[in-house]
Each structure stands twice: as structure tokens, then as C-alpha cells.
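**Student:** Can you make the complete structure from the sequences, with help from the hints?
When we follow my numbering, the leftmost residue of the sequence shown carries the number 1, and every step to the right adds one.
Keep in mind that a hint or two might mislead.
[Claimed, not checked] Derived DSBU-like pairs: lysine-lysine, alpha-carbon spacing no greater than 35 Å straight-line:
(1) 395 to 433
(2) 395 to 151
(3) 207 to 174
(4) 261 to 151
(5) 96 to 151
(6) 410 to 72
(7) 327 to 174
(8) 72 to 384
(9) 334 to 433
(10) 166 to 261
If you're looking for bench data, these hints aren't it; they were derived computationally from the structure.
Note that the structure is predicted; figures quoted are calculated from it, not measured.
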Amino acid sequence: MDSVFSVIGSYVDWDVRSLLIFIAVFILTTDYIKNRRPASFPPGPLALPIVGNMFSVDHNKAHESMTQLAGKYGDVYSLRMGQEWIVVLNGYEVLKEALVTQGDSLADRPSLPLQNDISNGLGVVFSSGHLWKQQRRFTLSTLRYFGFGRKSLEPVILDEFTNCAKDIQSYKGKPFNPRLIVGNAVSNIICSLVFGHRFEYNDQRFKQLLSWFETALQLEASIWVQFYNSFPLLMRRLPGPHQTILNIWDNVRDFLREELKEHKQNWDPSDLRDYIDCYLKEIQTSKGQADNTFEEENLLMCVLDLFVAGSETTSTTLRWSFLYMAKYPEIQEKVQAEIDRVIGQSRQPSMDDRVNLPYTDAVLHEVQRIGNIAPLSLPHMNNKDIQLGGYTVPKGSTIITNLTSVLFEKNQWETPNTFNPGHFLNEEGKFVKPAAFMPFSAGKRLCLGENLARMELFLFFTSFMQHFTFSMPAGVEPVTDYLYGVTLAPWQYEICATSR
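**Tutor:** This is the structure:
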């Protein structure tokens, strides 16, 4: 009898093993057939079953990994992230062809599960099609009405610098961390346009908000997000950093809802004070129209987009500028000498001074280039089949525009890996901007706030150099390593700002 059970047991055991082997082979075969590279598709590294090329990229420095892969597979190559193919574009010529020449075809954003769970396809950054066009048109026209990118906004920026300078002066040249101070100062400019008011530097809720932005933008570039976008049904149910991202943006929306609630209590359609007021009026005016995209949830996402885009990149650039001025004091001295000669100490800078400050302008642009604030920009999606680099990119593909590959391209920059303001100066010492300088991307999806960012960066940087000399604390060397995220931020540091 024991022998009978032994035979049955071994049969069942073998049968289970056979079933498991069959299931494994079936899954692997199905994955291979489903996810083969299409004909004429850009080449790329061999993809593993199920996860694809998720581990072909170092997600702590994805922009560097993707640039290195271009050296092996060419300026147009493909990667498989989970079950989705993405196409990575590298080099100035390829990005110009894609974003400018064929810009109409790359004006959409891909549908990414995590981003959809955050924004539901609303707002002005991750939306597409008619919704994006309508929201972008309204946002630009409304912000211009309140001085966006215009000379009338200069006093707002310069007044905010005065407040910021007082806060920095309170340290009396002793070491301090500039992250929250500078973040608050820059954020207050977009706040004045969107909310109609600024936030004090000791406002704890606002400090928390700025910290959330930094945390979320770092986590959103992690491998956890790749897993979420590849396997959303599973990842929505699992704990991890991806849940932290969702919680952060929920908290930010709660903050914005409070602002919106206060606005609605004092709202007067005949006295429009800011972007939110104008949007509330547009909701009222557009109600019942067939193509209307104006409603309160869209307002919240548009405000969130403006808030993040209008603060994070500019404040991060300024933090990089302090570090590089401390690292290269001889460059800082030349900037200060030029400012003293052109502006002096008796008046504030103006955008009109820019043409007479070529070296200062060149230094600021070099900070943007080598700081590489948005290394991979934001993903695009093509709305029709396109040809790039001799390959066919099918409609609906996710496309990554690797700005790093352009800002550090050897054929475009004399010393790409060295801080060199000469990249932006001609032989006569006049400012020139090479075509390969595209930190704000290019084409239809060019950064919405580029004009505002340029104005803020010039006025803030020039004002800082006019009033302070930046140096590291005694015995500390400046570290220019980055914290990887959607944006590249410097490691937390303390710096000394000595009044001039």
C-alpha cells in the first residue's frame, strides 16, 4: 500500500512541477511575443522578461545612464520599462528635429498611471489635446494680464528680494541652509500672481509645503515609480515610497483647497485680483459650453502645476549659483565688479541692465547649463507615426528627451564638464546664447514659465551678487554632487553670506 501512495505522491509532485514549468514557459513566451521590438523600431539593450530594461538604467542617475546608452545604441534608441516601450532621444540635432521640426507631433503627454492617479489628466503640465490647449491659452493670457514676464513684475521680484535679504542678513555672516529661504522667496512671486498674496518666511505650513515638493520630485524619479507605471494594479495595493508620493500630493491639494475656499468667500467677479479669481469667473462664463474644460478640479491642478513649476526649478538654480560662486571666488569677484561698475550700490537692478552685464549673464547661464536642473525634461507622446534617426516611432510611444545629452554634448560645448562662463561669451566679451542651450526644453511644450524664470533668475542672482559675498563655512569644501529627482538639486549644504 505504501508503494502505491509513493507512486501517486511522486506523480502528483511531478504533475505540479509540470504545471508550474508550463505556466512559467507560457508567461515567458507570451511576454516575448507581446513585447518584441517592432520592425524599424529604434534599437536598444536586451530586455528581460516581465521587467524589461528596468534594471538597465541606474535610477539614482538615470540621465547619466541614458546618455551612456546613447554611446552604444545611437542618439535614438529604445528601452522597455515593464510592459511599455519608451524611445530616448539624445543630442542637439535629434532633439531639435523632434521638438521643433516635428513639434506638432510631440505635443502630447503619455498616459502614465501614477500621474493619472495624481492629476486625472487635468492641469497644464500633464494634460494633452484640447484640454491642454485651452488651459495653456487661458493660463498664459491671464498671467500676462497680471504682469507675467513683463516689466511691471520687476518691483514684485525686487521687493521679495528685499524681504529675503533681511532674513539672510539676520545670520550675520554665519552658516545657514538657504533651501527654505530661497524657496520661499521664489515661490512668493508665483503666489502673488496665483493667490494674490505672499507667505512669510516663518509660516510653518508653507515651509512644510516646500519640503513636500522636494521630497515628491525626488521620489517621482525613483524605480518605484517605474514599477507603479508598469504594474499599477499591483502597486496600488502595496506599501512603499509610491504611496508617499500620492499622500504628498493629496496634502498639497488640501492646502490649495483652503486657499480656494478663502478666495470664494471674498470673490467679486467685477474685481479680479489674481489667477484664481479669473479662473472662477471663467468657470461661470463657460458653463454649458460643449468644449468647456473649466471646473474646480481643473483649477486645483492648474494651480498645483503653476506652483511647482514656478518655484522648484528657479529656487534650485539659485542654490546651485551660491555653491558655484563659493567654489569659484574669482568668478564671483568678476561678477561683483561688473555689477558695481554698471549698477553700483545705490539702486536695484533692472532687466534693462542685462545687456550691459554680459559676464554676469554668462555666469548665470553657465549655472543653468552645468546645474542641469531638468535632466530628462518631462515625457512626450507622439500623436502620429514619425521618423527619427532613420527609425519609425509608432503613434502613442512615450518619448524621453534627454536634455543632459545636449547640455553636455562635446560637439556643442568647448569644455562641457567644466564650469566655464566663456561658453556664453564671444571674443569681444559680449553675451551669446548657443542654440544647444535648452534647459527649458523646446518646441510646443517649452516650459510655460520660461519668461518668468529668466526674469526671476536675473534679478535675484544680480541682487544677491550686489549685496552679498558667498563662501563656505571654515574648513568646508563646496560639494557640487546632486540629489537625483525630476529635478537635480544640490545636496543639503550650509553657506555663509557676508554683506558687502
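**Student:** Work down the list of hints and note, for each, if the structure agrees.
**Tutor:** Checked hints:
no. : hint       : result
1   : 395 to 433 : 34 Å, holds
2   : 395 to 151 : 42 Å, violated
3   : 207 to 174 : 21 Å, holds
4   : 261 to 151 : 31 Å, holds
5   : 96 to 151  : 30 Å, holds
6   : 410 to 72  : 16 Å, holds
7   : 327 to 174 : 17 Å, holds
8   : 72 to 384  : 27 Å, holds
9   : 334 to 433 : 20 Å, holds
10  : 166 to 261 : 32 Å, holds
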